[in-house]
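2 protein chains.
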Amino acid sequence: MEALDELQALIKKLPGMGEKSALRLSYHLIKTDESYNKALGNAIASIKEKIHPCPICGCYTEHETCIYCSDPSRDRSLLCIVEEPQDVLSIASSGAYNGLFHVLGGAINPLGGVGPDSLSFPQLVKRIDEGDFKEIIIATNPTEEGDTTALYIRHILQDRNLQLSRLASGLPIGGDLGYADKLTLLRSLRGRVRF
Amino acid sequence: MEALDELQALIKKLPGMGEKSALRLSYHLIKTDESYNKALGNAIASIKEKIHPCPICGCYTEHETCIYCSDPSRDRSLLCIVEEPQDVLSIASSGAYNGLFHVLGGAINPLGGVGPDSLSFPQLVKRIDEGDFKEIIIATNPTEEGDTTALYIRHILQDRNLQLSRLASGLPIGGDLGYADKLTLLRSLRGRVRF
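Line order of the protein sequences matches chains F and S. Using the numbering used here, the letters of the first sequence map in sequence onto residues 5 to 199. Using the numbering used here, the letters of the second sequence map in sequence onto residues 5 to 199.
Since the hints were made in silico from the structure, they are not lab data. Everything numeric in this text was worked out from a predicted model, so none of it was measured. Watch out, some of these pointers could steer you wrong.
Restricting the straight-line Cα-Cα distance to at most 20 Å, the calculated cross-link-like pairs of lysine to any residue (SDA-like) are [as the list claims (entries may be wrong)]: (1) F:K52 / S:A7; (2) S:K24 / F:G22; (3) F:K24 / S:I95; (4) F:K17 / S:I95; (5) S:K52 / S:T69; (6) F:K130 / F:A100; (7) S:K42 / F:L29; (8) F:K54 / F:L29.
Using the sequences plus the hints, can you model the full thing?
In structure tokens:
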């Protein structure tokens, strides 16, 4: 069946989808309510028309600027630098941060062809020079690429009078020592805190 | 963001999708190529217009009848009864079966509100009475509902001169005794074959 094969092939291109799960979803979509299929189909087809990056920070928005940049109640002396737009949501929804954001658009990964030039460092430096930030929180991922990116940010910002910090690494809350990998244990030992 | 929230809510309704995976897919769709989104969106929105059940066997088709019912090279003395349309594909793609199919549309599950009346038993009996079948292979799932359905099929077909068989149950190939559940081991012991 051409239509089914086409749908399956398209679904298979989504991240985390294999041959079987794509087929299962395709069959599910033949069984579901037609109005749901139309709604989902239209939502997918039109999402890129509705959502665009905020021209200031780079996170996604439906409006001229995002809800964080346009919110006067947020602390404009704090800037949190993240890799991807979805990281903004993760940090904002933690409830522990009330400053502004900057989305780099990825992390430095020379082997993957991502150098500093492909990320939004010029915009970052410009924002910092024109703004009134006191603390910069580097919230790149605790991976090799995230570490490299954090070092690079420290390098380009070191001459400015700013407090730089980075998210703590260690054991996840609710985790189990027995399941923690060696690197996480190493980091949580090196970064041990007074108790 | 309304558009993103709506997309996430719609994706979350798909089987196997949680809050996080729906969010991850939504963000992925904002980043992907627009033409891909349009193709996927249209494929989802239009799948029910293109595909319908075969009026003879009940499996899905884009044409008047399905590729199995309309294929003159298939053995018309063999009928394989399955629960769902996707089961037809699983059995056909095993390459070990060259007969016809009949899709029940589910399995008998009194607690779930599925009685024999909601499945295609009348069509099954009519097909068997009008056809020239010699063997009926019951390929319902090896679950309580599938077992009940198999017993019911045996009950309604017992007066006819037909060979009835059911798919073998036992250890999956490539499996490991240590990981097999008790019921599977019990079935594979009871159904042990001469070697």
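Hint check results:
{"no.": "1", "hint": "F:K52 / S:A7", "verdict": "10 Å, holds"}
{"no.": "2", "hint": "S:K24 / F:G22", "verdict": "18 Å, holds"}
{"no.": "3", "hint": "F:K24 / S:I95", "verdict": "14 Å, holds"}
{"no.": "4", "hint": "F:K17 / S:I95", "verdict": "25 Å, violated"}
{"no.": "5", "hint": "S:K52 / S:T69", "verdict": "16 Å, holds"}
{"no.": "6", "hint": "F:K130 / F:A100", "verdict": "26 Å, violated"}
{"no.": "7", "hint": "S:K42 / F:L29", "verdict": "18 Å, holds"}
{"no.": "8", "hint": "F:K54 / F:L29", "verdict": "26 Å, violated"}
Violated hints for the displayed structure, listed by number in ascending order: 4, 6, 8.
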